[in-house]
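Those sequence lines, one after another, are chains A, B, C and D.
All residue numbers for the first sequence refer to the working numbering, where the first residue is 5 and numbers rise by one.
All residue numbers for the second sequence refer to the working numbering, where the first residue is 5 and numbers rise by one.
All residue numbers for the third sequence refer to the working numbering, where the first residue is 5 and numbers rise by one.
All residue numbers for the fourth sequence refer to the working numbering, where the first residue is 5 and numbers rise by one.
Please note that a few of the clues may not be correct.
What the hints assert, rightly or not - With a Cα cut of at most 25 Å, we get these calculated BS3-like pairs of lysine-lysine:
#1 D:K8 - A:K227
#2 C:K171 - A:K171
#3 A:K171 - D:K40
#4 C:K240 - C:K69
#5 B:K171 - D:K171
#6 C:K171 - D:K125
#7 C:K125 - C:K64
#8 B:K125 - D:K28
#9 C:K40 - C:K22
#10 B:K171 - A:K240
#11 B:K217 - C:K217
#12 C:K125 - B:K171
#13 B:K232 - A:K125
#14 C:K8 - C:K22
#15 A:K125 - C:K171
#16 B:K232 - C:K171
#17 A:K171 - D:K171
#18 D:K217 - A:K227
#19 B:K69 - B:K232
#20 A:K232 - D:K85
#21 D:K232 - D:K8
#22 D:K40 - C:K232
#23 D:K232 - D:K28
#24 D:K232 - C:K125
#25 C:K240 - D:K125
#26 C:K171 - C:K64
#27 A:K227 - A:K28
#28 D:K22 - D:K8
Unchecked claim - From the structure, some residues in chain D lie toward chain B, with a derived Cβ separation under 10 Å:
#29 E90
#30 Q146
#31 T168
#32 W177
#33 A233
#34 S235
Worth flagging that the hints you see were computed from the coordinates, not collected in a lab.
Fair warning: this is a prediction, and the values are worked out from it, not measured in the lab.
A virtual CB, placed ideally from N, CA and C, is assigned to each residue, including glycine.
Protein chains: 4
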Amino acid sequence: MADKIRVTVWNEFRHEKKNAAVQKVYPDGMHMVIKKALDAAGGLEVRTATLDEPEHGLPKEVLEKTDVLTWWGHVAHGDVKDEVVERIHRRVLEGMGLICLHSAHYSKIFRRVMGTNCSLKWREAAEKERLWNIEPGHPITQGIGEYFELPHVEMYGERFDIPTPDKLIFISWFEGGEVFRSGCCWERGHGRIFYFRPGHETFPIFYDVNVQKVLVNACRWAKPRIIKADSCPNPKPLEPIRSAKA
Amino acid sequence: MADKIRVTVWNEFRHEKKNAAVQKVYPDGMHMVIKKALDAAGGLEVRTATLDEPEHGLPKEVLEKTDVLTWWGHVAHGDVKDEVVERIHRRVLEGMGLICLHSAHYSKIFRRVMGTNCSLKWREAAEKERLWNIEPGHPITQGIGEYFELPHVEMYGERFDIPTPDKLIFISWFEGGEVFRSGCCWERGHGRIFYFRPGHETFPIFYDVNVQKVLVNACRWAKPRIIKADSCPNPKPLEPIRSAKA
Amino acid sequence: MADKIRVTVWNEFRHEKKNAAVQKVYPDGMHMVIKKALDAAGGLEVRTATLDEPEHGLPKEVLEKTDVLTWWGHVAHGDVKDEVVERIHRRVLEGMGLICLHSAHYSKIFRRVMGTNCSLKWREAAEKERLWNIEPGHPITQGIGEYFELPHVEMYGERFDIPTPDKLIFISWFEGGEVFRSGCCWERGHGRIFYFRPGHETFPIFYDVNVQKVLVNACRWAKPRIIKADSCPNPKPLEPIRSAKA
Amino acid sequence: MADKIRVTVWNEFRHEKKNAAVQKVYPDGMHMVIKKALDAAGGLEVRTATLDEPEHGLPKEVLEKTDVLTWWGHVAHGDVKDEVVERIHRRVLEGMGLICLHSAHYSKIFRRVMGTNCSLKWREAAEKERLWNIEPGHPITQGIGEYFELPHVEMYGERFDIPTPDKLIFISWFEGGEVFRSGCCWERGHGRIFYFRPGHETFPIFYDVNVQKVLVNACRWAKPRIIKADSCPNPKPLEPIRSAKA
Numbered sequence: 005m006a007d008k009i010r011v012t013v014w015n016e017f018r019h020e021k022k023n024a025a026v027q028k029v030y031p032d033g034m035h036m037v038i039k040k041a042l043d044a045a046g047g048l049e050v051r052t053a054t055l056d057e058p059e060h061g062l063p064k065e066v067l068e069k070t071d072v073l074t075w076w077g078h079v080a081h082g083d084v085k086d087e088v089v090e091r092i093h094r095r096v097l098e099g100m101g102l103i104c105l106h107s108a109h110y111s112k113i114f115r116r117v118m119g120t121n122c123s124l125k126w127r128e129a130a131e132k133e134r135l136w137n138i139e140p141g142h143p144i145t146q147g148i149g150e151y152f153e154l155p156h157v158e159m160y161g162e163r164f165d166i167p168t169p170d171k172l173i174f175i176s177w178f179e180g181g182e183v184f185r186s187g188c189c190w191e192r193g194h195g196r197i198f199y200f201r202p203g204h205e206t207f208p209i210f211y212d213v214n215v216q217k218v219l220v221n222a223c224r225w226a227k228p229r230i231i232k233a234d235s236c237p238n239p240k241p242l243e244p245i246r247s248a249k250a
Numbered sequence: 005m006a007d008k009i010r011v012t013v014w015n016e017f018r019h020e021k022k023n024a025a026v027q028k029v030y031p032d033g034m035h036m037v038i039k040k041a042l043d044a045a046g047g048l049e050v051r052t053a054t055l056d057e058p059e060h061g062l063p064k065e066v067l068e069k070t071d072v073l074t075w076w077g078h079v080a081h082g083d084v085k086d087e088v089v090e091r092i093h094r095r096v097l098e099g100m101g102l103i104c105l106h107s108a109h110y111s112k113i114f115r116r117v118m119g120t121n122c123s124l125k126w127r128e129a130a131e132k133e134r135l136w137n138i139e140p141g142h143p144i145t146q147g148i149g150e151y152f153e154l155p156h157v158e159m160y161g162e163r164f165d166i167p168t169p170d171k172l173i174f175i176s177w178f179e180g181g182e183v184f185r186s187g188c189c190w191e192r193g194h195g196r197i198f199y200f201r202p203g204h205e206t207f208p209i210f211y212d213v214n215v216q217k218v219l220v221n222a223c224r225w226a227k228p229r230i231i232k233a234d235s236c237p238n239p240k241p242l243e244p245i246r247s248a249k250a
Numbered sequence: 005m006a007d008k009i010r011v012t013v014w015n016e017f018r019h020e021k022k023n024a025a026v027q028k029v030y031p032d033g034m035h036m037v038i039k040k041a042l043d044a045a046g047g048l049e050v051r052t053a054t055l056d057e058p059e060h061g062l063p064k065e066v067l068e069k070t071d072v073l074t075w076w077g078h079v080a081h082g083d084v085k086d087e088v089v090e091r092i093h094r095r096v097l098e099g100m101g102l103i104c105l106h107s108a109h110y111s112k113i114f115r116r117v118m119g120t121n122c123s124l125k126w127r128e129a130a131e132k133e134r135l136w137n138i139e140p141g142h143p144i145t146q147g148i149g150e151y152f153e154l155p156h157v158e159m160y161g162e163r164f165d166i167p168t169p170d171k172l173i174f175i176s177w178f179e180g181g182e183v184f185r186s187g188c189c190w191e192r193g194h195g196r197i198f199y200f201r202p203g204h205e206t207f208p209i210f211y212d213v214n215v216q217k218v219l220v221n222a223c224r225w226a227k228p229r230i231i232k233a234d235s236c237p238n239p240k241p242l243e244p245i246r247s248a249k250a
Numbered sequence: 005m006a007d008k009i010r011v012t013v014w015n016e017f018r019h020e021k022k023n024a025a026v027q028k029v030y031p032d033g034m035h036m037v038i039k040k041a042l043d044a045a046g047g048l049e050v051r052t053a054t055l056d057e058p059e060h061g062l063p064k065e066v067l068e069k070t071d072v073l074t075w076w077g078h079v080a081h082g083d084v085k086d087e088v089v090e091r092i093h094r095r096v097l098e099g100m101g102l103i104c105l106h107s108a109h110y111s112k113i114f115r116r117v118m119g120t121n122c123s124l125k126w127r128e129a130a131e132k133e134r135l136w137n138i139e140p141g142h143p144i145t146q147g148i149g150e151y152f153e154l155p156h157v158e159m160y161g162e163r164f165d166i167p168t169p170d171k172l173i174f175i176s177w178f179e180g181g182e183v184f185r186s187g188c189c190w191e192r193g194h195g196r197i198f199y200f201r202p203g204h205e206t207f208p209i210f211y212d213v214n215v216q217k218v219l220v221n222a223c224r225w226a227k228p229r230i231i232k233a234d235s236c237p238n239p240k241p242l243e244p245i246r247s248a249k250a
């Protein structure tokens with residue numbers, strides 16, 4: 005591991021090219037806004053990658069130099085090649101951190117590491133969301149108060165079809181009457197995974213100071229503690245085996 | 005759900021056809037020994053299915069009439085068609101129980117519901133195994149004492165690359181010096197999953213009375229509590245949304 | 005275990021004697037309303053016990069004939085004798101079910117089995133609560149839809165200082181802007197514990213049909229799977245010890 | 005939090021005063037050997053405290069300057085005053101780390117934070133123990149290989165009556181045939197708790213290089229991430245409450 009945490013910010017980057025409303029909010033793409041926020045935090049070395057680059061910008065060499073991968077996708081989950089998903093999955097199990105944002109709940113990589121449908125309720129009504137911080141001692145909530153609010157969001161509601169999180173750190177209240185497990189931590193293989201609900205293509209969610217704080221904290225939390233290739237060894241016994249005589 | 009729990013015992017059924025040593029232990033296939041044990045227990049309606057049947061014996065109609073699927077595979081994991089794995093996976097998330105036995109740790113379906121490598125250490129030295137029952141109150145350990153022993157087994161050792169089990173119920177001690185999390189419970193979607201370590205093609209493990217008890221108990225534990233198709237609904241708000249005016 | 009599940013409904017029963025507003029809602033005490041709901045469900049044999057009876061109505065003989073104990077207390081947690089709490093605690097670890105309701109979050113017995121403060125936010129503003137069912141397959145949510153509402157409640161808000169539940173089954177949305185983990189399951193020793201948020205002395209919560217369904221389901225879920233006294237045995241080795249010669 | 009992690013090593017310190025065999029192994033007390041190992045690691049500021057000091061060496065001022073408390077007791081658990089246990093408990097829930105060693109499984113403080121009996125099997129036969137590292141990526145196992153061995157130990161066997169650990173990091177194999185969950189992590193309130201099995205008054209366990217590594221790592225892992233006093237606030241609503249009119 006390098007001294008700086010090497011983060012690769014991945015973005016589908018399709019909405020921003022085709023939709024004027026999205027372009028207005030994210031003229032250079034959502035990834036550039038996220039990158040800027042991470043750069044400003046210090047201690048992170050940030051690159052970006054997008055769907056339409058060769059190998060979606062994630063060849064083996066890039067993943068090997070990535071400590072934490074953040075993922076945003078929405079309309080083109082199906083265009084992500086299975087071999088790239090396979091490569092990312094292997095890397096997560098080896099120890100790389102993975103942070104899935106908002107509509108990435110339905111990305112191939114998130115569904116693969118979870119093993120579940122990852123479905124949920126949704127509604128676009130520009131309503132208010134309040135995220136309650138239920139683990140004030142967790143590294144990802146450092147600097148966040150008891151709650152923070154986002155004035156206009158797309159709603160995501162329960163039941164969110166995920167494995168029970170190792171640690172649930174945010175629960176959202178929505179103006180329209182729903183709740184959601186909005187910040188969820190898991191460990192899989194040697195890697196850490198964080199799902200964070202906020203983020204949308206037309207609401208300026210990634211400019212929000214609290215969302216940015218959480219993203220920075222999550223990159224620090226998810227950095228590899230070990231990198232270890234998978235194996236299925238066939239060792240000699242450590243003790244004498246007497247039963248086998250029988 | 006029918007009154008009886010409808011169990012489908014799936015077996016790769018390749019070893020038994022080609023290998024005389026295996027044939028001697030399981031002349032009609034391992035699945036027939038498991039079926040017989042489940043039939044004898046009462047309350048279970050048991051069918052079998054094997055790899056070389058059309059659709060591996062698991063067409064849609066069979067899965068729809070299956071409450072609990074038990075799985076044993078070893079040399080031919082790669083021959084199981086992805087579309088059948090996909091179908092089983094969906095059914096588990098809808099509520100069907102899944103019981104994976106021994107070398108099924110490396111089956112496509114187990115790895116898919118776990119989201120991890122499911123790798124482990126292994127050794128064939130005919131050593132002794134002692135399975136400690138660490139949850140005597142769990143339905144799967146009913147009738148099992150503090151521990152039970154198997155005189156000659158293939159060893160599986162840690163680290164077993166699985167998500168932390170919701171409940172760990174057996175830990176194995178091996179004569180050669182290893183330990184293993186041998187009975188592990190998870191819930192995924194609406195379905196229950198049990199991994200049980202014992203089982204091998206040349207040792208007569210599935211004739212063991214304690215192993216049979218655990219299998220029967222596990223089928224009862226894993227039966228569906230609900231069957232519910234996945235969805236991703238777009239509901240109207242339950243409360244008036246005033247923020248959106250802004 | 006008897007054929008019927010033997011439930012003891014415990015109530016502090018102080019508010020009802022002193023406060024006219026409470027008496028109007030629960031003229032015979034909250035426990036009698038809960039008892040009536042459980043009686044109506046069938047399969048449960050229900051008795052009651054209250055604080056001001058000798059030994060709080062919970063002598064050894066009663067606990068030994070109790071499969072599931074439900075607990076409601078509020079103003080007199082401190083009057084519950086430590087020796088009775090100790091006796092209940094031991095019985096839960098042996099396998100008895102425990103269901104703690106609403107303000108019982110601060111009862112001695114709940115804090116003792118949790119090992120945490122069990123503190124929370126609260127507000128009496130007669131606001132609306134909507135409980136989201138996030139585990140539709142769980143036995144405790146059988147017959148409950150996606151959510152149910154209570155028109156006027158005392159609010160409880162996060163952070164609720166509890167150990168991470170083994171299974172979180174209800175999350176509440178409150179009109180005033182908070183959220184709460186309202187249905188939480190744990191296992192401790194051989195016993196099962198359920199915390200359920202609804203319940204209040206002046207709002208007629210325990211008359212609500214959904215609350216009553218959850219209580220009935222919870223009694224069925226929490227019934228003992230085993231009853232086993234604690235021990236700390238000193239067994240002989242099961243294998244020869246050769247190292248000790250050194 | 006200070007720059008250095010402030011560790012208080014607590015020892016019952018009774019065996020060492022009365023028993024010649026123990027005195028030979030730990031002439032200055034077990035706590036001095038542990039202190040020395042922690043001092044040598046760097047980054048830790050270590051003090052000690054023992055049972056027979058006033059307030060067991062743990063007055064309020066000491067706890068307030070303690071980031072991590074390690075605990076060893078055996079014959080005199082009952083002599084630890086309840087008010088001191090209460091004080092420690094409160095401090096753990098506020099964020100202080102707690103590391104319980106070997107026979108501290110039966111200490112008042114460990115049983116109180118767990119809420120269970122914490123009973124187990126035990127045997128003094130000087131047998132061999134092999135601790136398997138099942139979480140090589142965990143901070144507490146840094147520098148520890150796949151396993152490490154202790155040549156002569158007191159055996160602890162399952163069932164260990166504890167709440168399911170948040171993370172299980174060591175499983176022990178014993179020569180006499182048992183297994184044990186030997187390294188267990190939990191979070192309670194804002195504090196982190198680690199139980200570590202090795203340690204005995206007549207075997208020189210705390211001189212072992214791997215045991216010392218684990219202790220150092222555990223102190224680093226358990227240090228407070230936040231210190232926060234408990235409260236049960238009564239906040240104003242964040243949203244207008246319209247239902248209450250009814």
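| Checked against the structure, which of the hints given earlier come out wrong? | 3, 4, 6, 7, 8, 10, 11, 12, 14, 20, 22, 23, 26, 27, 28, 29, 30, 33, 34
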